[in-house]
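Letter by letter, the chains look like this.
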Amino acid sequence: MSKFDEPDYYKQDELLQIDTKPPKTSWMDTPVDFRKGTYIYPGKAKNLKVVDLPNPREWAVEDIDWSLPEDWQRIVLEGMADRLVKYRSFKVFMDTCVRCGACADKCHFFLGSGDPKNMPVLRAELLRSIYRKDFTAMGKIFGTMAGARPLTEDVIKEWFYYFFQCTECRRCSVFCPYGIDTAEITMIGRELIGLLGLYVNWVIEPVANCFRFGNHLAIQPHGLVDTLEFMADDIEDATGIKVDIPINKKGAEILFVTPSGDFVADPGIYTCMGYMLLFQELGIDYTWSTYASDGGNFGLFTSHEMMKRLNAKIYADAERLGVKWVLGGECGHMWRVIHQYMDTLNGPADFLEIPKSPITGTEFKHARSTKMIHLMEFVADLIRHDKLNLDKSRNDHINVTFHDSCNPARAMGIFEEPRYVIRNVCNNFHDMPENTIREQTFCCGGGAGLGTDENMEMRLRGGLPRGSAVRHVQDKYGVNQLAAMCAIDRATLVTVCDYWAPGVQVTGITELVANAMVFTGEKKRTHNLRLEPIPGMDIDDDDGMGAEEGASLDE
Amino acid sequence: MEMVELGGKQMEIDEDGFIQDPDQWDEAVAADLAKTEGVDDLTDNHWKLVHYLRDYYLEYNMAPMIRKLCKQTGFSLKEVYDLFPSGPAKGACKVAGLPKPTGCV
Numbered sequence: 001m002s003k004f005d006e007p008d009y010y011k012q013d014e015l016l017q018i019d020t021k022p023p024k025t026s027w028m029d030t031p032v033d034f035r036k037g038t039y040i041y042p043g044k045a046k047n048l049k050v051v052d053l054p055n056p057r058e059w060a061v062e063d064i065d066w067s068l069p070e071d072w073q074r075i076v077l078e079g080m081a082d083r084l085v086k087y088r089s090f091k092v093f094m095d096t097c098v099r100c101g102a103c104a105d106k107c108h109f110f111l112g113s114g115d116p117k118n119m120p121v122l123r124a125e126l127l128r129s130i131y132r133k134d135f136t137a138m139g140k141i142f143g144t145m146a147g148a149r150p151l152t153e154d155v156i157k158e159w160f161y162y163f164f165q166c167t168e169c170r171r172c173s174v175f176c177p178y179g180i181d182t183a184e185i186t187m188i189g190r191e192l193i194g195l196l197g198l199y200v201n202w203v204i205e206p207v208a209n210c211f212r213f214g215n216h217l218a219i220q221p222h223g224l225v226d227t228l229e230f231m232a233d234d235i236e237d238a239t240g241i242k243v244d245i246p247i248n249k250k251g252a253e254i255l256f257v258t259p260s261g262d263f264v265a266d267p268g269i270y271t272c273m274g275y276m277l278l279f280q281e282l283g284i285d286y287t288w289s290t291y292a293s294d295g296g297n298f299g300l301f302t303s304h305e306m307m308k309r310l311n312a313k314i315y316a317d318a319e320r321l322g323v324k325w326v327l328g329g330e331c332g333h334m335w336r337v338i339h340q341y342m343d344t345l346n347g348p349a350d351f352l353e354i355p356k357s358p359i360t361g362t363e364f365k366h367a368r369s370t371k372m373i374h375l376m377e378f379v380a381d382l383i384r385h386d387k388l389n390l391d392k393s394r395n396d397h398i399n400v401t402f403h404d405s406c407n408p409a410r411a412m413g414i415f416e417e418p419r420y421v422i423r424n425v426c427n428n429f430h431d432m433p434e435n436t437i438r439e440q441t442f443c444c445g446g447g448a449g450l451g452t453d454e455n456m457e458m459r460l461r462g463g464l465p466r467g468s469a470v471r472h473v474q475d476k477y478g479v480n481q482l483a484a485m486c487a488i489d490r491a492t493l494v495t496v497c498d499y500w501a502p503g504v505q506v507t508g509i510t511e512l513v514a515n516a517m518v519f520t521g522e523k524k525r526t527h528n529l530r531l532e533p534i535p536g537m538d539i540d541d542d543d544g545m546g547a548e549e550g551a552s553l554d555e
Numbered sequence: 001m002e003m004v005e006l007g008g009k010q011m012e013i014d015e016d017g018f019i020q021d022p023d024q025w026d027e028a029v030a031a032d033l034a035k036t037e038g039v040d041d042l043t044d045n046h047w048k049l050v051h052y053l054r055d056y057y058l059e060y061n062m063a064p065m066i067r068k069l070c071k072q073t074g075f076s077l078k079e080v081y082d083l084f085p086s087g088p089a090k091g092a093c094k095v096a097g098l099p100k101p102t103g104c105v
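Sequences listed follow chains A and Z, in order.
Counting in the working numbering, the first sequence runs from 1 upward without gaps.
Counting in the working numbering, the second sequence runs from 1 upward without gaps.
Because the hints were derived from the structure by calculation, they are not lab data.
A hint or two may mislead.
[Unchecked claim] With a cut-off of at most 30 Å between alpha-carbon atoms, the simulated DSS-like pairs for lysine-lysine come out as follows:
hint: 1; chain 1: A; residue 1: K133; chain 2: A; residue 2: K21
hint: 2; chain 1: A; residue 1: K24; chain 2: A; residue 2: K133
hint: 3; chain 1: A; residue 1: K11; chain 2: Z; residue 2: K35
hint: 4; chain 1: Z; residue 1: K35; chain 2: A; residue 2: K46
hint: 5; chain 1: Z; residue 1: K71; chain 2: A; residue 2: K523
hint: 6; chain 1: A; residue 1: K49; chain 2: A; residue 2: K133
hint: 7; chain 1: A; residue 1: K24; chain 2: A; residue 2: K11
hint: 8; chain 1: A; residue 1: K250; chain 2: A; residue 2: K308
hint: 9; chain 1: A; residue 1: K157; chain 2: A; residue 2: K11
hint: 10; chain 1: Z; residue 1: K68; chain 2: A; residue 2: K249
hint: 11; chain 1: Z; residue 1: K71; chain 2: A; residue 2: K524
hint: 12; chain 1: Z; residue 1: K35; chain 2: A; residue 2: K523
hint: 13; chain 1: A; residue 1: K308; chain 2: A; residue 2: K46
hint: 14; chain 1: A; residue 1: K249; chain 2: A; residue 2: K324
hint: 15; chain 1: Z; residue 1: K78; chain 2: Z; residue 2: K68
hint: 16; chain 1: A; residue 1: K3; chain 2: Z; residue 2: K68
hint: 17; chain 1: Z; residue 1: K68; chain 2: A; residue 2: K242
hint: 18; chain 1: A; residue 1: K49; chain 2: Z; residue 2: K9
hint: 19; chain 1: A; residue 1: K387; chain 2: A; residue 2: K249
hint: 20; chain 1: A; residue 1: K46; chain 2: Z; residue 2: K9
hint: 21; chain 1: Z; residue 1: K68; chain 2: A; residue 2: K36
hint: 22; chain 1: A; residue 1: K242; chain 2: Z; residue 2: K71
hint: 23; chain 1: Z; residue 1: K78; chain 2: A; residue 2: K3
hint: 24; chain 1: Z; residue 1: K9; chain 2: A; residue 2: K3
hint: 25; chain 1: A; residue 1: K117; chain 2: A; residue 2: K157
Please build the complete structure, drawing on both the sequences and the hints.
Right under this line is the structure:
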């Protein structure tokens, strides 16, 4: 029998009964209903201690008493005062909103749940009402009439619930006439409750692991070697190519950094194999790092300070290894950190050189501060210069659509390169409807630390808009694969697609690229990187590919 | 976090029932953890999987990728689900005393 943390537990017709009628009580008088399946477990004390966070203790969301520090109100209000000075954007966002409602129906969680507090405007009001009460004359004098309310423990609980029902995807900000960035409001909200020791474990354990081991999964150097060597064996089975595995190679030209999900999680591992094959074929001088072994940075979901601490390891290892520049893999939120924060957090990275493709000579001048470019920029440039030998027909059984991952899309504006690459490696590509892609893309519902199974109801609700758009192209064009360049997407969209658009598989782009590439000295390609037989490719008996070995591990 | 008795010993488990101190693990603990997963009898095949995971964890401090687990134990993913209905991560890894994986997974 399925439990609340499994998709089967939720009946589609029940989830689709979305009640958009607001409750009878005013929003200030409607307390949070902590329903299993809609909230995330608290951060464990041992993880808080690793990174010196305040008030480490064991507690449960269902507890009446969250054992806050004695002077918790002072801590929150002083924290707010500090941030109003330090982050001018926060002050502007607190003062500016005219409650026009343009953002209201743009949030995937509101669309999927109907909960008014998931309207970005009201989510922001949860914080703004406290700001008014303590930091504006109107709020001090007129109180609730001016939209102000006192800071109580119920407010803290409400913040914990709703700031972890926001994936910081920033779709709402695209539609705000003032450009208010609700993600930044959520970030400050999370920082403030963090001062009281309130974190979710799905964020803070990856943070603690990343701080100690360099990646979210606590993979140690010999574990990374074992993992990549295993992939190299599968690569050889599929292609006949023996790939090198350069690790911590001093003096390499390029440091390659990708999310750690690509090392262990299906289907990210096939994209990782794709990286290894691509670099082998190009013969470029690159290295993996066992210290900068995660592009992901869950510090972004914790606090500005934590984001800075975790981002620093990439550049520290780039300097230690003496590389010239950094190439980043198919990661999502890494690119928000790199493009919008890195320069002032830890940059500019003057000890590195402006990224320059060793194959085409193209200089990527836009990365002159961070010295880090996206793999899709690099690959699109290779294809543009006709440097890859591609046989698109190997992907003819695939009918693919592309999910713009929120952060590369909205924080980086990388819309064309991935589509250009996909069109060059697949004959069948269909975009989802216009208002669900590019800068208007819908979130997977599991980003920003929400992708854990105990949050399954909200993930399915939040995944409804994206899932519906996938279903649309599945019905209309026969789409059977969804490509995404983000490890959280590759983990969470599998669940979303299985639930809302069953039959659509999830893939990374580099997996598609490697499956289409013709490698120097390859054997007859009968199986793809998943070791599934490629339709239309004749299988000879003497290929050394037994039926059992080639069987799919996917369900 | 909750304290429960597993394999005749008191130990801490998290919300999903994963034990918190891997050093407390032994076969009696595994047998009791399996019961929480609806597996009352651990057969040789169950133990093969559990010991593989446990040994891998002790050597590498992490769970192997599922693909490697299947290749090295000879079980297909379906067979893993037949043995542990909650699957390799939430079922088999839990019984083998591994922590719950987190991050972009």
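Which numbered hints does this structure break? Of the numbered hints given earlier, those the structure breaks are 6, 12, 21, listed in rising order.
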